[in-house]
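With chain E's structure known, arrange chain B on it following the hints.
What follows is each chain in one-letter form.
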Amino acid sequence: METAHRKDTLWAMEEALHSRAVAAVAGFIDQIDLKTNQRLQLAATDCGLPLFLLRPAEFLEASAAATRWRVGAAPAARDRFGLITRARWRLSLERCRNGRTGEWMVEYDHVAHRFSLAAALADPAISRSTSETGEREPSLRRAS
Amino acid sequence: MLAVTGSGGPRIAALNEAAEAAGLALGETLADARAKTGRVQTRAVDTTADDTALRRLALWATRYTPTASPWGEENGADGLFLDIEGAAHLFGGEEKLLADLSFRLTKNFGLPARLAIADTPGMAWALARFARAPSSILSRPAGEDDHAQHGGGGKYECAEQAAPPPSHFVRSPSPAPLRYAGEDKYVILPSGQEAQALAPLAIEALRLSPDTCRTLRRLGFKTVGALLDKPRAPFAARFPAELLQRIDQALGRLEEPLKPIVAPPVYHTLRYLLEPIFTQEAIVALARRHMQTLAQVLVRDDVGARGLRLSLYRVDGGVETIDIALTLPSRDVAHIVRLIDLKLEALAAAEDAGFGFEAVGLAVTRAERMAARQNELIAGDNGGDGAEGCALLVDTLRQRLGPHSVRGFAPVASHLPERAEKLAPITISSSLATGELREGTNGAAAWPEPDRTTRPLLLLPHAEPTEVMALIPDGPPRRFRWRGVTYEVAGAQGPERIGAEWWHLSAPPAPANASARLQALTRDYYLVEDADGHRFWLYREGLYERETVAARWFVHGLFA
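So the protein lines, in turn, are chains E and B. Oh and the first sequence: position 120 is 120 in my numbering, straight run, nothing missing. Oh and the second sequence: position 441 is 585 in my numbering, straight run, nothing missing.
Derived by calculation from the structure, the hints in this document are not laboratory data. Where is the CB? At the ideal position from N, CA and C, for every residue including glycine. Among the hints, erroneous ones may be present.
To be verified - Below, in silico cross-link-like pairs of lysine to any residue (SDA-like), each with a Cα-Cα straight-line distance of 20 Å or less:
#, chain 1, residue 1, chain 2, residue 2
1, B, K487, E, S19
2, B, K487, E, W11
3, E, K7, B, R544
Said to hold, decoys possible - Facing chain B, a subset of chain E residues (Cβ under 10 Å, in silico):
#, residue
4, D8
5, A16
6, V22
7, A74
8, I84
9, R88
10, W89
Next comes chain E alone, as it looks inside the complex (with noise of 0.2 Å):
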């Protein structure tokens, strides 16, 4: 759905939030308040229900949010003939509440249709604890 302002984009959000109709709730914004902003985490963690601003990468004021990712470009993983097997993507973390900041790399499996850890950096303990809390945190923030 598409607003005029962005005042409707946060009560949309909000309303979505509150009628727990949906798995998760998604939103592109680029200016945002620190207020607006702890309401918003207030709602998620109230209905339980992960919140996802995608935000333009200039935008970098002080935020409630619980998580802040950082997503960026990684050279694909080619097999012998140069041909892209599986996409890759540069996460990090910038900002973690009770958790402790780092960077990952990612890639698709576009069979199972799940991210793994890239197989020069995996470990499996890592492994386990990152996709735990990518599902735990009820708000997350990511900027890309």
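For chain B alone, coordinates are given in the frame of chain E:
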């Protein structure tokens, strides 16, 4: 002229006077008709619209008698039966009733009608369709008059074209002789003369199936009279039961019950107030009480509201109406009142109440069937299943942001990536709400299985032109410049060739028509990755030396 798809191509289903004068007949193929006259305007028959129009006419006709019954398929579906027993005297007699009915049909609906009154429905049907002044019954070969009543007029709407001749019957005996009033527009048959009146009519007047009619004609039975005095047993043995049944029904030996039309219920409440109200809270409180009243009726009838209208009558005479549309039928008071509240909020900003509102009415404008459901004993935290919750959310969002604000993706059969999907308003089918189907099972079936490895995460709304350096004109790109940044290509994968949709072009691409030529070009898509891992979806438009000399490049999507 209306056409219907039949055996051997489309056939004529209805004609107007001009087409009839040109020598066209019902049942002809459309190809024959075109060959005969050269220019004919045709429309496809819309049986649903015909049916709706006939139902509306039947509902209107209940002003004469409570028992009005639109004709079903077996009667030709183009007229009505009215049981006017005990109702005729209210209009000053049968003749006056027919005159009034004929006048109103012409004036209100533009329908020229053929009317008949008889003791039985079958007889009235036969007279309305086949009766002429006594001389013409004898002189005119049967079967030809059929078109005249179908095509009559030619001025009325397409939707009502199939519904011109209502028929009427009465059971009260009237001792007058057979009367033909005005240019044989209506016929009144006195009681007890059915056999006499039926005898000269064509056998089609018996409402038989076309097969039976054809067989009877082949055997030499042209009029009903030829059948009436024959022994019954051989006919019972050789023909379907309908033959004798129809004769008996027309002559009144067999009862023919009518299915009277039932007016759809009206869900409406109105409340006058002692003191005018001004505030939003007061209106909402009143709307809640209205809705509580309506909800009981809706529950009783097993329906839910899909559309509602709140009417606010001002003291100074004006009326404010608020229309509310719902995604799924609902009779949830709290939900509907919340929607009204949201709508009022928008209205309050634009207008002021003036001297206040003295009456408030709430009407259901669209009701749909809604199965009763068991309420949860303990209200769950998500209150209802997924589809219903989604419908509530969509309703709420639409009230504030406008009816077209919430949209979903729908697949389109196209190979061009930018045309392969479109945004359409979300519809949640009620089958989802009943929980029989899981969400997405019916909608997702239409989506093609996408090749996710070669489709970008972000497809640009419009492909953006880019400057590309390639080693050979039809090879992959080596370097390109997009949005002011130059990217060195580290690896390219492709091409994936997507042909132009030539079937969408009405004319072959002419060199002068630049836009048509652009559309008709073939695209070669490449997946391109630069040294930092940025992945792009580029395409080259036009095949080198076959379609174009200087191919243009575009960036169409981003992977990372």
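Cross-check of the supplied hints:
Of the pairs offered as hints, the one joining B:K487 and E:S19 holds, with about 18 Å between alpha carbons and a cut-off of 20 Å not exceeded. Note on B:K487 and E:W11: the hinted pairing holds, with a Cα-Cα distance of about 15 Å set against a maximum of 20 Å. Between E:K7 and B:R544 the alpha-carbon distance is near 12 Å, which keeps this suggested pair within the 20 Å criterion. A distance limit of 10 Å between C-beta atoms decides the matter here; for E:D8 the minimum to chain B is near 6 Å, and the interface restraint holds.
A least Cβ separation of about 6 Å between E:A16 and chain B falls short of the 10 Å threshold, and the interface hint therefore holds. For the restraint placing E:V22 at the interface with chain B, the shortest Cβ-Cβ distance is roughly 7 Å, inside the 10 Å limit, so the hint holds. The beta carbon of E:A74 comes within 4 Å of a beta carbon in chain B, closer than 10 Å, and the hint placing it at the interface holds. A hinted interface residue such as E:I84 counts as satisfied when its beta carbon comes closer than 10 Å to some beta carbon of chain B; here the least separation is about 6 Å, so the hint holds.
Because the closest C-beta pair between E:R88 and chain B is about 7 Å apart, less than 10 Å, the hint holds. For E:W89, the shortest C-beta to C-beta distance to chain B is roughly 6 Å, which falls under 10 Å, so the interface hint holds.
The structure meets every hint from the earlier list without exception.
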